[in-house]
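Participant: If you read the protein sequences in the order shown, they are chains U and Y. Just so we're aligned: the first sequence equals residues 1 to 318 in my numbering. Just so we're aligned: the second sequence equals residues 319 to 758 in my numbering.
Honestly, I wouldn't trust all of these hints.
[Stated by the list, open to error] Think about it this way: if two alpha-carbon atoms lie no more than 20 Å apart in a straight line, the pair counts; the simulated SDA-like pairs of lysine to any residue are:
no.: 1; chain 1: U; residue 1: Lys200; chain 2: U; residue 2: Gly51
no.: 2; chain 1: Y; residue 1: Lys624; chain 2: U; residue 2: Lys200
no.: 3; chain 1: Y; residue 1: Lys437; chain 2: Y; residue 2: Asn414
no.: 4; chain 1: Y; residue 1: Lys402; chain 2: Y; residue 2: Gly385
no.: 5; chain 1: Y; residue 1: Lys503; chain 2: U; residue 2: Thr291
no.: 6; chain 1: Y; residue 1: Lys624; chain 2: U; residue 2: Phe131
Simulated from the structure, these hints should not be mistaken for lab results.
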Amino acid sequence: MDILYKVFIEPFVFMGEAPDLLIQTLWEGLVSGVLYALIALGFVLIFKASGVFNFAQGIMVVFAALTLVGLYEKGVPAFLALILAALTMLVLAVVVERVVLRPLVNQPDIILFMATFGLTYFLIGFGELIFGGNPKEMITGALFLPQGTTELDMLGGMVRFQHLDIAAAVIASIMIGLLAVFFSKTRIGRALRAVADSHKAALSVGISLNQIWVIVWFAAGLVALVAGIMWGARSGVSFSLQIIALKALPVLILGGFTSIPGAIIGGLIIGVGEKIGEFYWGPLVGGGVETWLAYVIALLFLLYRPQGLFGEKIIERI
Amino acid sequence: MSFRRIGLGLAAATMLAGMALPAFAQDSVYVPLFTYRTGPFAGSGTPIADGMHDYLRMLNERDGGIGGVKLVLEECETGYDTKKGVECYESVKGKNPVIVNPWSTGITLPLIPRASVDKIPILSMAYGLSASARGDIFPWVFNPPATYWDGLSMIIKYIGEKEGGLEKLKGKKIGFLHLDAAFGKEPIPLLQELAKDIGFEVALYPVAAQDMQNQGSQWLSARRDRPDYMIMWGWGSMNGAAVKEAVRSGYPMDKFYSVWWPGEDDARSGGAGAKGFKMLNWHAVGTNFPAIQDIQKHVVDKGFSKAQKDKVGELLYNRGIYNSLLIAEGIAQAQKVTGKKAVTGEDVRRGMENIKLDPARLKELGLEGFTDQLVLSCSDHNGHRAAFMQEWDGTKWVKISNPIEPMTDRVKGQLEAAAKDYAEKNAGWPKRTEACDKAS
Numbered sequence: 001m002d003i004l005y006k007v008f009i010e011p012f013v014f015m016g017e018a019p020d021l022l023i024q025t026l027w028e029g030l031v032s033g034v035l036y037a038l039i040a041l042g043f044v045l046i047f048k049a050s051g052v053f054n055f056a057q058g059i060m061v062v063f064a065a066l067t068l069v070g071l072y073e074k075g076v077p078a079f080l081a082l083i084l085a086a087l088t089m090l091v092l093a094v095v096v097e098r099v100v101l102r103p104l105v106n107q108p109d110i111i112l113f114m115a116t117f118g119l120t121y122f123l124i125g126f127g128e129l130i131f132g133g134n135p136k137e138m139i140t141g142a143l144f145l146p147q148g149t150t151e152l153d154m155l156g157g158m159v160r161f162q163h164l165d166i167a168a169a170v171i172a173s174i175m176i177g178l179l180a181v182f183f184s185k186t187r188i189g190r191a192l193r194a195v196a197d198s199h200k201a202a203l204s205v206g207i208s209l210n211q212i213w214v215i216v217w218f219a220a221g222l223v224a225l226v227a228g229i230m231w232g233a234r235s236g237v238s239f240s241l242q243i244i245a246l247k248a249l250p251v252l253i254l255g256g257f258t259s260i261p262g263a264i265i266g267g268l269i270i271g272v273g274e275k276i277g278e279f280y281w282g283p284l285v286g287g288g289v290e291t292w293l294a295y296v297i298a299l300l301f302l303l304y305r306p307q308g309l310f311g312e313k314i315i316e317r318i
Numbered sequence: 319m320s321f322r323r324i325g326l327g328l329a330a331a332t333m334l335a336g337m338a339l340p341a342f343a344q345d346s347v348y349v350p351l352f353t354y355r356t357g358p359f360a361g362s363g364t365p366i367a368d369g370m371h372d373y374l375r376m377l378n379e380r381d382g383g384i385g386g387v388k389l390v391l392e393e394c395e396t397g398y399d400t401k402k403g404v405e406c407y408e409s410v411k412g413k414n415p416v417i418v419n420p421w422s423t424g425i426t427l428p429l430i431p432r433a434s435v436d437k438i439p440i441l442s443m444a445y446g447l448s449a450s451a452r453g454d455i456f457p458w459v460f461n462p463p464a465t466y467w468d469g470l471s472m473i474i475k476y477i478g479e480k481e482g483g484l485e486k487l488k489g490k491k492i493g494f495l496h497l498d499a500a501f502g503k504e505p506i507p508l509l510q511e512l513a514k515d516i517g518f519e520v521a522l523y524p525v526a527a528q529d530m531q532n533q534g535s536q537w538l539s540a541r542r543d544r545p546d547y548m549i550m551w552g553w554g555s556m557n558g559a560a561v562k563e564a565v566r567s568g569y570p571m572d573k574f575y576s577v578w579w580p581g582e583d584d585a586r587s588g589g590a591g592a593k594g595f596k597m598l599n600w601h602a603v604g605t606n607f608p609a610i611q612d613i614q615k616h617v618v619d620k621g622f623s624k625a626q627k628d629k630v631g632e633l634l635y636n637r638g639i640y641n642s643l644l645i646a647e648g649i650a651q652a653q654k655v656t657g658k659k660a661v662t663g664e665d666v667r668r669g670m671e672n673i674k675l676d677p678a679r680l681k682e683l684g685l686e687g688f689t690d691q692l693v694l695s696c697s698d699h700n701g702h703r704a705a706f707m708q709e710w711d712g713t714k715w716v717k718i719s720n721p722i723e724p725m726t727d728r729v730k731g732q733l734e735a736a737a738k739d740y741a742e743k744n745a746g747w748p749k750r751t752e753a754c755d756k757a758s
């Protein structure tokens, strides 16, 4: 009975007793969720255009952030470094399209997936060669990102809002909004959707597959840059950031590999879910549930909607 | 190509190898350095690797090695990965290393049973298996100058003194933020034992390796549990991220303590808010020592070092120097007790048991005042030396305490029990047959 009480009653009693902590947990979960969504968006863009799960998205986050910080450390002004980092991601997109995607066109998806593994380890080695393995500090001040904390007395307690977290949530939301509009309202966006539906049909109406791939990888690179800046500002820029990027995997399972709204909603559910789970139920098993809870949430959704919340239901003739 | 030519070629190659090998054996000793300059733990691994390499390289450049033999240095990148570390060990053991430094508790543990078989001593400096301090049970393993259990007992003792006595910790809550790996879990049994004896409560906050830079939940939980003190057992990017998160969550930094692994970069990452963060240490920072100035002159200025000039003398760089000081002293003592120049792993094991780094010897080595004295022996492979507490003042570490002796009375019993338990659980654990030198 005691365990049932601890699982089903106590956490909710605690939520009622300390609502300020509940708000704080929800806020932390939302911020993490928005950042997960941003990373997941990079995966979705590439998956939509090429049907490939880009394993390299995590290292792209690190590589973009390191390029920015590395250039700044070399004396390049912050905003010029930002532009140059974005251009580096464009160059990377062109190189990936030329060297990896084009030669492997029409190969099974698993081959392209494995190619992104290769790209990951190449970028890790290349990044460490250029920037070294030491963690670096994000240039938060030089990019005029807000710092400091607002403490609000509410619900009989206090809730802390980091200005950086607020900025991260706002910037990530704007980025997601812009990309959603770009890919749904513009000509390129429509072309992308055509490519996503059928490569052959898209080619038959004159859409350049190669061009679309460059655009999509560049967009994913920009998303990686923003995610790298925001996450780097929270906890530093190091190669362990690429592991966090894999948190986007349960987000994708949940939201669907092809849906931008799915990435957003999935990110928020995972972000909030893992924080609430760790905070209220984690102590029952000695903590550390956050690492696997996201996957459990995603698996539960998979049982009922294998295509994810917003993914396209695939019906095939057999 | 005829069989005759192949045969001649092979014979010539064998002759050349035969000529080269004795030359190698006579004039040098092989010292592999297990390092990690890549991956999530590179932030801690790189400065340590630099310090380790540069001190030994300085001995080569300045003195022509140790006792007339050159040190053949070779780094093997482990990435702090146990599997890669064991691969490194397998790749170097055929080259007759005189000592191995795993630089990871996870790598140390699988190497412990191999050490006595391969006759290669293991130096796990202030990390690894705490129980391996017992030289009578672990003759091939050395973990000076203090074990993790000593370190934990020192922090508890210091906190207790701040409260007005250990008994005042009764009813307090102590948080333990740790890497969820062999290293981070190592002191937990002692922490729980001390909690039971003294009467404080423990709240564990494990941080998975993949979440080292995503510690929001742990610090939220800390806000829920309101620990009176937080003790950190972190490594790599976990340390810097923890300092940042502590600042973000408003945890009082003067209540935040760490074992001896964070560096300046970790504290700096918390900005001005990190002021007051405390950690244990047992050696000096800075370059104001003749030996370190020799490193600058003979190694750094000549471009033989991978370290940035301004990083020489920082905490973890000097930690690497301390590690190599032990290696060098082990080799020097081995030469002394055996009378040989090109010593072997078996000799260096004896040398390590004869280490006596007293103030006079430290002065002779150009490291006067760098650290407290250390004496190892046949039975004591650790020394259980005192460490001091230092505090981050916003720009640098400031020593804020006298040496804190470990709680030997509480640690010793646990240590002995753990060592015996290890030997019993590992069926067939060999009884020590290595003779003790009279000197040790």
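Participant: If a hint holds in the structure, say so; if it doesn't, say that too.
Facilitator: Now for the hints, and whether the structure bears them out:
{"no.": "1", "hint": "Lys200/U <-> Gly51/U", "result": "13 Å, holds"}
{"no.": "2", "hint": "Lys624/Y <-> Lys200/U", "result": "53 Å, violated"}
{"no.": "3", "hint": "Lys437/Y <-> Asn414/Y", "result": "9 Å, holds"}
{"no.": "4", "hint": "Lys402/Y <-> Gly385/Y", "result": "33 Å, violated"}
{"no.": "5", "hint": "Lys503/Y <-> Thr291/U", "result": "17 Å, holds"}
{"no.": "6", "hint": "Lys624/Y <-> Phe131/U", "result": "13 Å, holds"}
The structure does not agree with the numbered hints 2, 4 stated previously, though it agrees with the rest.
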